[in-house]
Amino acid sequence: MQLESYFRTDRAARSSSVNIRWTWATAVAALVAWSLIQAGVFSGQTLINRGGWTLALSFAQAALHPQLSFEFLSLTLNATLITLGYAVCGTSLSLIIGMIGGMLSSEVWWQAMSPTRHGRGIWWTIRAGLSVPRAIHEVIWGIFFVNILGLNPLVAILAIAIPFGAITAKVFSEILDEMPRAPLRALLNNGASPFAAFFYSILPQSIPNILSYTFYRLECSIRSAAVLGVIGAGGLGYQLWLSFQSLRYDEMWTFIFALIALSGAVDIWSSQLRRRFSGRVRLEAAACQSAPLTTKPAYRRDRAVTLSLIVMAILIPLSFWYVQADFSALFAPRAAKLFVRVISDSFPPALDGVLLKELSHQTIQTFAISILAITLAGAGGLLFSFPAAQNRLTLTGVLNPQDHKVKTLLILVPTRLALLTLRAIPASVWALLLLFVLFPGVLPGALALGIYTLGILGRLMAEVIESLDERPLIALRSCGASGAQIFFYGVLPRAMPLFLSNILYRWEVCARETVIIGVVGAAGLGRVLAEQLSNFDYPGMTTTLLFFIALTVFVDVIGVFARRSMQ
Amino acid sequence: MTPALFELENVTRIFGSLRALANVSLRIEAGERVALAGPSGAGKSTLLALLNGSLLPTQGSVKVLGRETASLSPRVLREMQSQIGTIYQQFNLVDGLSVIHNVNAGRLGRWSLLKSIASLIRPLEVETASRALMQVGIAEKIYERTDSLSGGQQQRVALARVLVQNPTAILADEPISNLDPERGREIMDLLRELCGTLNKTLVVSVHAIEFARTHCHRVIGLRHGSVLFDLPAHQLTQDKIDALYKI
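Which chain is which? The protein sequence lines are A and B, in order. Under the working numbering, the first residue of the first sequence carries the number 1, and numbering increases by one thereafter. Under the working numbering, the first residue of the second sequence carries the number 1001, and numbering increases by one thereafter.
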């Protein structure tokens, strides 16, 4: 009888957790339906532009005949190197910002430096200060710097370095704070100076993580450098944009293939390197991985890691030289004058009723874009991540019970290539291509952002699967479970929470990235911003930017709230 | 002669350049309780993995229930594996699932895919699972999340998983090394009692050798991948133990 009562209370407990899940599922379904209505899917309005199919077809056919003349290939190589150069320069500057900012905004630094609560105020100020540059997308930073510095390579570098530096600082501070503190305490108790104690304990413990995160950031920088082409910063993105405007599809394909090759090479380099660090290393948001952070310095005596560091040490000065970044422009009186003018022109923000109404409407549309995009990316990522994960048990489990090498490659290589293609082509280019066959609006914007994000998310989710502990899977198999059963009992339940937190994090990024697809005229606040920019309407831009920041903060808050309630 | 439950003939298992087991031959009959003893790296885990078919020998033959593991198709191997229950030092449970699903995982070898998915949505065969949990003494934890349990409780869940699997033999790979001495003794007592009343064969590797004497019929000493001794448990002397662990 006692057992009976146990069951009753546990059923109640279980059903309450089921209720929370149902509430969330219903809320998500309602949001997606609402976004589809915003996109005009149910309203019967024409969404598809039938006239565009011939253009789309000739674009697709051009894939078979990319422009391969010698002069053109050398132009492509030059553009590729410039994109790589921007990414390397941007990443190295963001690393400096991230290191300093990360240390200063970590809790443990202030704990070591001023054990009294003195540092608390400074800590909060720095934390809050770093969240502003993070909320603003690279493209907006780019537009800002173009106005001050003109078309200088520095624009692309700074546009990457500043927001990425702020993101890196946040992640570094979290890494530092997650490190075991006992060694630090031991050193402090032995009378070491706080400064020395910090550099002898927390910092060396966190180096594998910081290093691997930096390489991950390099991947992101390549994509950003390509996106920044839209605002006139050189490189592959810019060339792609020019060829599109003159409808040279054969040229576009050459650039697309170059982008895939560059992005693929850097992705492989970075992921191979990250795999060398045993245990878990940090990507993206907190709690996107399962195991505790690694502190093992596995990189020591590893030739690939040493070689990579040497390559980086050569690549950084080479990149600064190749892109010809002119740092003196920063300190030129002209820049200061323009800076003052841009700022004074931008304030006070425009507050007329028509604009505010239009912006409210566009903010809602942008929100809908971000929801549809992340829904597409999340669902697609779920499908693609399992075949893309290089993990003997899970892959074998579902599709390849015999662990056949050739079969593994037949599954792995095409899925990974598909994901790579999706993320190597900037979302803005996807939007342009979709605008062949779709009328401008929420739908093409959401689709473009969605498939681009799918490329990134699919890969991150595959890495989640690869990082899962294999032992419970082995245990299930030795119970006699089949591959599919192992998948449902061992892989999915453990991967799902990590997937969800990755999806939430990417949704936050998506909300920021709607600006990219807006700039090419698809929809949303980004489009308003692009129009205001071409009319030199600075007060209006400030207002739009404020709406944009409000939207990203709103999405971040929902993200934080959702993550908390899932735990 | 009736086939032994487990029969190894000249088994060698090599990992890369490491020879984990070398020329091991032994028989284990139904109903025996066998302890595997030996220093770390002696090959105890490898031997257990060979017995449940999750590893295949590099040379020699491993027969389980009269059938050679290396010759079985994946489907038949799974059928064989559902006859062998295994519990592990690290418990190897799926953390995010509630206890009931981890216990039901023991039935997966007999369930269809459809049934196993349906059970994740609404647990099936709750009665069997709760009876197993009652036998291991944690019936009240049935709907709790597995990672919220203590180490000793998680090992009980693993034990319940083996019970619903209802295998012919139970293999245990250092089942108590992650537990405190008192929890460890409870688990060992539970293993002895369950194997005794349900007439299961038990092969357990142990770090603390006194359990070999108190809980098993027979003890096999492994050293550097070879069998150093294979004795009835009551004949285990201090000399033998010293020889097994000497540096």
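I should point out that these hints are in silico values taken from the structure, not numbers from a laboratory. Some clues are possibly wrong.
Per the computed footprint, the stretches of chain A lying under chain B, defined by three or more beta-carbons under 8 Å from a beta-carbon of chain B, are [as the list claims (entries may be wrong)]:
#: 1; segment: 357 to 371
#: 2; segment: 491 to 503
Label pairs and their calculated CB-CB ranges [said to hold, decoys possible]:
#: 3; chain 1: B; residue 1: E1079; chain 2: A; residue 2: W24; range: 55 to 63 Å
#: 4; chain 1: B; residue 1: F1015; chain 2: A; residue 2: A186; range: 34 to 42 Å
#: 5; chain 1: A; residue 1: A186; chain 2: B; residue 2: Q1238; range: 39 to 47 Å
#: 6; chain 1: A; residue 1: V413; chain 2: B; residue 2: T1214; range: 31 to 39 Å
#: 7; chain 1: B; residue 1: G1151; chain 2: A; residue 2: R275; range: 29 to 37 Å
#: 8; chain 1: A; residue 1: A29; chain 2: B; residue 2: R1131; range: 54 to 62 Å
#: 9; chain 1: B; residue 1: S1112; chain 2: A; residue 2: N19; range: 27 to 35 Å
#: 10; chain 1: B; residue 1: S1071; chain 2: A; residue 2: A186; range: 50 to 58 Å
#: 11; chain 1: B; residue 1: E1068; chain 2: A; residue 2: A63; range: 47 to 55 Å
#: 12; chain 1: B; residue 1: I1014; chain 2: A; residue 2: V413; range: 26 to 34 Å
#: 13; chain 1: B; residue 1: K1246; chain 2: A; residue 2: I207; range: 51 to 59 Å
#: 14; chain 1: B; residue 1: T1214; chain 2: A; residue 2: S565; range: 25 to 33 Å
#: 15; chain 1: A; residue 1: V413; chain 2: B; residue 2: N1199; range: 46 to 54 Å
#: 16; chain 1: B; residue 1: G1151; chain 2: A; residue 2: L356; range: 57 to 65 Å
Not the full set, but computed from the structure, chain B residues with beta-carbon under 8 Å of chain A [said to hold, decoys possible]:
#: 17; residue: V1076
#: 18; residue: Q1081
#: 19; residue: G1106
#: 20; residue: E1127
We put the CB at the ideal spot given by N, CA and C, even for glycine.
Comparing the hints with the structure gives:
1. Remark: the segment 357 to 371 of chain A is not confirmed as covered by chain B, as 0 of its residues place a Cβ nearer than 8 Å to a Cβ of that chain, below the required three.
2. Here the segment 491 to 503 of chain A counts 4 residues with a CB under 8 Å from a CB of chain B, which clears the bar of 3, and the coverage holds.
3. Take E1079(B) and W24(A): their Cβ atoms lie about 40 Å apart, and the range 55 to 63 Å is violated.
4. Restraint check, F1015(B) to A186(A): a C-beta distance of roughly 38 Å satisfies the suggested window 34 to 42 Å.
5. In this structure, A186(A) and Q1238(B) meet the distance hint of 39 to 47 Å, their C-beta atoms being roughly 41 Å apart.
6. Distance hint for V413(A) and T1214(B): a CB-CB separation of about 56 Å, inconsistent with the stated range 31 to 39 Å.
7. The hinted window of 29 to 37 Å between G1151(B) and R275(A) holds, with their beta carbons roughly 30 Å apart.
8. Here the CB-CB span from A29(A) to R1131(B) is close to 39 Å, at odds with the stated 54 to 62 Å.
9. Separated by about 30 Å at the C-beta atoms, S1112(B) and N19(A) satisfy the suggested range of 27 to 35 Å.
10. At about 57 Å, the CB distance of S1071(B) to A186(A) agrees with the hint of 50 to 58 Å.
11. The hinted range of 47 to 55 Å is satisfied by E1068(B) and A63(A), whose Cβ atoms lie roughly 53 Å apart.
12. At roughly 31 Å, the beta carbons of I1014(B) and V413(A) sit within the given window of 26 to 34 Å.
13. K1246(B) and I207(A) have their C-beta atoms about 41 Å apart, which leaves the hinted 51 to 59 Å range violated.
14. Remark: the range hint 25 to 33 Å for T1214(B) to S565(A) is contradicted by a beta-carbon distance near 49 Å.
15. At about 51 Å, the beta-carbon gap between V413(A) and N1199(B) stays in the expected band of 46 to 54 Å.
16. In this structure the supplied range 57 to 65 Å holds for G1151(B) paired with L356(A), their Cβ-Cβ distance being about 60 Å.
17. Contact between V1076(B) and chain A, as hinted, is not supported at the beta carbon level, the nearest pair being about 11 Å apart and thus beyond 8 Å.
18. Interface restraint check for Q1081(B): the shortest CB-CB distance to chain A comes to about 4 Å, inside 8 Å, so the restraint holds.
19. The interface hint given for G1106(B) is met, as the beta carbon of that residue sits about 5 Å from the closest beta carbon of chain A, less than 8 Å.
20. Taken as an interface hint, E1127(B) does not check out: its beta carbon lies about 11 Å from the nearest beta carbon of chain A, beyond 8 Å.
Going through the hint list in order, the structure does not satisfy hints 1, 3, 6, 8, 13, 14, 17, 20.
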